[in-house]
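Asks: The lines below spell out each chain.
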Amino acid sequence: MHNSAKPDSVGLVTPTSYHFDEALTLRSGKVLSGFDLMVETYGELNAERSNAVLICHALSGDHHAAGYHSEEDDKPGWWDSCIGPGKAIDTNKFFVVCLNNLGGCSGSTGPVSINPETGKHYGPDFPVVTVRDWVKSQVMLADRLGIDKWAAVVGGSLGGMQVLRWAISYPERLGHAVCIAAAPKLSAQNIAFNEVARHSIISDPNFHNGHYLEHGTYPKQGLMLARMVGHITYLSDSAMRAKFGTDVSDFGGNFGRDLRSGKLSFGFNVDFQVESYLRYQGERFSENFDANTYLLMTKALDYFDPSVDFDGDLSKAFENSNCKFMLMSFSTDWRFPPERSRELVEHLLDAKRHVSYLEIEADQGHDAFLLPVPRYIRAFSKYMNRIHRELNNHAS
Amino acid sequence: MRPDLAIIAKLIAPKSNVLDLGCGDGALLDYLQKEKAVTGIGLEIDADNIESCIDKGVNVIEQNLDQGLANFKDDSFDTVLLAQTIQALSKPEQLLDDMLRIGRRGIVTFPNFGNWKARSYLATRGRMPVSKFMPYEWYDTPNIHFCTVKDFDALCREKNIQVLGRTVVDSEHQGNWAMRTWPNLLGEIAIYHLSRTD
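Sequence lines, in order, name chains A and B.
Read in the numbering used here, the first sequence has 53 at position 26, and its numbers run on one by one without any break.
Read in the numbering used here, the second sequence has 32 at position 24, and its numbers run on one by one without any break.
Hints in this document: simulated from the structure, not taken from any laboratory.
Don't take each hint at face value.
Straight-line alpha carbon distances no greater than 30 Å define the calculated DSBU-like cross-link-like pairs of lysine-lysine that follow [unchecked claim]: (1) A:K176 with B:K42; (2) A:K379 with B:K64; (3) B:K81 with B:K44; (4) B:K81 with A:K343; (5) A:K343 with B:K44; (6) A:K163 with A:K326; (7) B:K42 with A:K343; (8) A:K409 with B:K42; (9) A:K343 with A:K57.
To give a feel for the contact side, a few chain B residues facing chain A, derived at Cβ under 10 Å [what the hints assert, rightly or not]: (10) A55; (11) K64; (12) N79; (13) F80.
Ranges of calculated distance between the beta carbons of each label pair, as one might list FRET restraints [to be verified]: (14) A:D63 with B:D105: 52 to 62 Å; (15) A:N315 with B:R112: 54 to 64 Å; (16) A:E75 with B:D56: 25 to 35 Å.
Even for Gly, the Cβ is constructed at its ideal location relative to N, Cα and C.
All chains should be modelled from the sequences, with the hints used to inform the complete structure.
Replies: Here is the structure:
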């Protein structure tokens, strides 16, 4: 039996592309004269159109959040651990919408799309998009789908930042904001890691100033390196020790230093398991992701700071928000550690918003938000189920 | 409704903002939200309790009281509540200061160590009291700062905290004239309604 036939899977899914003729003015001042958004939905929209949940994806995510595209697929959507019948975001209860953001490379308009003005790929000429621009386009999608108000907007990491933007800019259009492993803005260290990733792409000889597609190539080495660096920041030290250290001794293991072939090579080849793992992750990613999109996504992260319109005071930014907030962070996340979520909580309290916050003990680092960490899933389910109960209470 | 919570609920004005420190499963805030249209937030560290709060629709923040309340602004709540928790804090005095900084009014409840049962246990057996009501051995108790009604009165005087009201009850949360006469001897649970002195 294929995994798509399991009762807690949304099963086989097919994305839909929505075309928008309306022009979209971006934060940079540039205008997209029209665009496409690639969208997947799971579950059924109820008669009141009140049970819709928007999922916002993170840096390398896309519209394919749950289920399988075919019976040949061996991997489900990126958040299959949390979306499906009986799961935290229960598709028996909610109509779940996930889209590939603008600038992405999975079907929505982005650098790999054809620029109607030139007939060529946008490539590096695709305008820099921000979280605000994404949310603007998501509002247009909500209008198209006939959803006046999301029961909840949900996301982790960069997805959580989109959730915050929704709460600040479109307060009347969501009931709950579920923001996981996010931050009010990036720290210098966060930006530094992004810069290393960008620099590795840009300095790849195959980058051709972003016009690599016209040259029939792509900056594979640069993308690989970018992903390898990124991947280290998604994992924790303890997660890596556990993943790459089977040799458990009285001293608490070997610090994840498992060898690949049992002996040292005394050369610069792969000696340790962690090295081959990173190379594999980098390679697989470089074959499936567009370099210009990676550059855009990291810039969107760097630029995110909703306090800029409020004299740097994030509490003021939240004062207009109407929704209830649920924030969660993970103990070993050092990309967006619990302190960053606590900052958000403090601003929300200052703004007298309804807020709940959980700090989940988890070894997996930033990646934990994608994984079935039991306490996280239980609390997440309880919160989502409560949202659903509230919908029913209002209806009755 | 637990009887101690019912007594506390009477001290809270309708539609006020309440911060519940150590809110447990959220029963009190749930009651206050439904019956008194109170807006509330609870702080809690126990995972099961936190989930119960979420389930009830009670706002809950996972936060250890021993790490302080610096994330709460002055005068941001009407009433700050500390029920059956002060004896387990590492710095109860500091927390009391924080409570009345964040809210004008405070409600504190604690088990009265001056109760005759505790006194006679210690006097006759010469050992730290262990009872159904205080079930821990001295070496593994979360309760590290027991006090008596007289002790708490003295602290309030010393800190110039105004006591708006004091109720003592037994472990069934019943009070009577004798308890009102000899609160420190007969009361098992003390409930204080406090106010900042301007």
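Asks: Could you run down the list of hints and mark each one as holding or not?
Replies: Here is how each hint holds up against the structure:
1. This hinted pair checks out: K176 (chain A) and K42 (chain B) have alpha carbons roughly 25 Å apart, not beyond 30 Å.
2. A hinted pair counts as satisfied when its Cα atoms are at most 30 Å apart, and K379 (chain A) with K64 (chain B) qualifies at roughly 20 Å.
3. The straight-line distance between the Cα atoms of K81 (chain B) and K44 (chain B) is roughly 24 Å, inside the 30 Å bound, and the hint therefore holds.
4. Only pairs whose Cα atoms come within 30 Å are accepted, and K81 (chain B) paired with K343 (chain A) is accepted, the gap being roughly 14 Å.
5. Between K343 (chain A) and K44 (chain B) the alpha-carbon distance is near 28 Å, which keeps this suggested pair within the 30 Å criterion.
6. Proposed proximity of K163 (chain A) and K326 (chain A) is supported: the alpha carbons are some 17 Å apart, at most 30 Å.
7. A distance of roughly 29 Å separates the Cα atoms of K42 (chain B) and K343 (chain A); the hinted pair therefore holds under the 30 Å criterion.
8. Distance restraint check for K409 (chain A) and K42 (chain B): the Cα-Cα separation of roughly 20 Å lies within the 30 Å cut-off, and the hinted pair is therefore satisfied.
9. Between the alpha carbons of K343 (chain A) and K57 (chain A) the distance comes to roughly 28 Å, so the proposed pair stays at or under 30 Å and holds.
10. With 10 Å as the threshold, the beta carbon of A55 (chain B) comes within range of chain A, its nearest partner Cβ sitting at about 6 Å, so the hint holds.
11. Proximity of K64 (chain B) to chain A holds as hinted, the smallest CB-CB distance being about 8 Å (cut-off 10 Å).
12. Annotation: N79 (chain B) was flagged as interfacial toward chain A, and the flag holds, the nearest CB pair being 4 Å apart, inside 10 Å.
13. Annotation: F80 (chain B) was flagged as interfacial toward chain A, and the flag holds, the nearest CB pair being 6 Å apart, inside 10 Å.
14. The beta-carbon spacing between D63 (chain A) and D105 (chain B), approximately 59 Å, falls within the hinted interval of 52 to 62 Å.
15. Between N315 (chain A) and R112 (chain B) the beta carbon distance is about 58 Å. The supplied range of 54 to 64 Å therefore holds.
16. Taken as a hint, the range 25 to 35 Å holds for the pair E75 (chain A) and D56 (chain B), whose Cβ atoms sit roughly 34 Å apart.
Violated hints for the displayed structure: none, as all numbered hints are satisfied.
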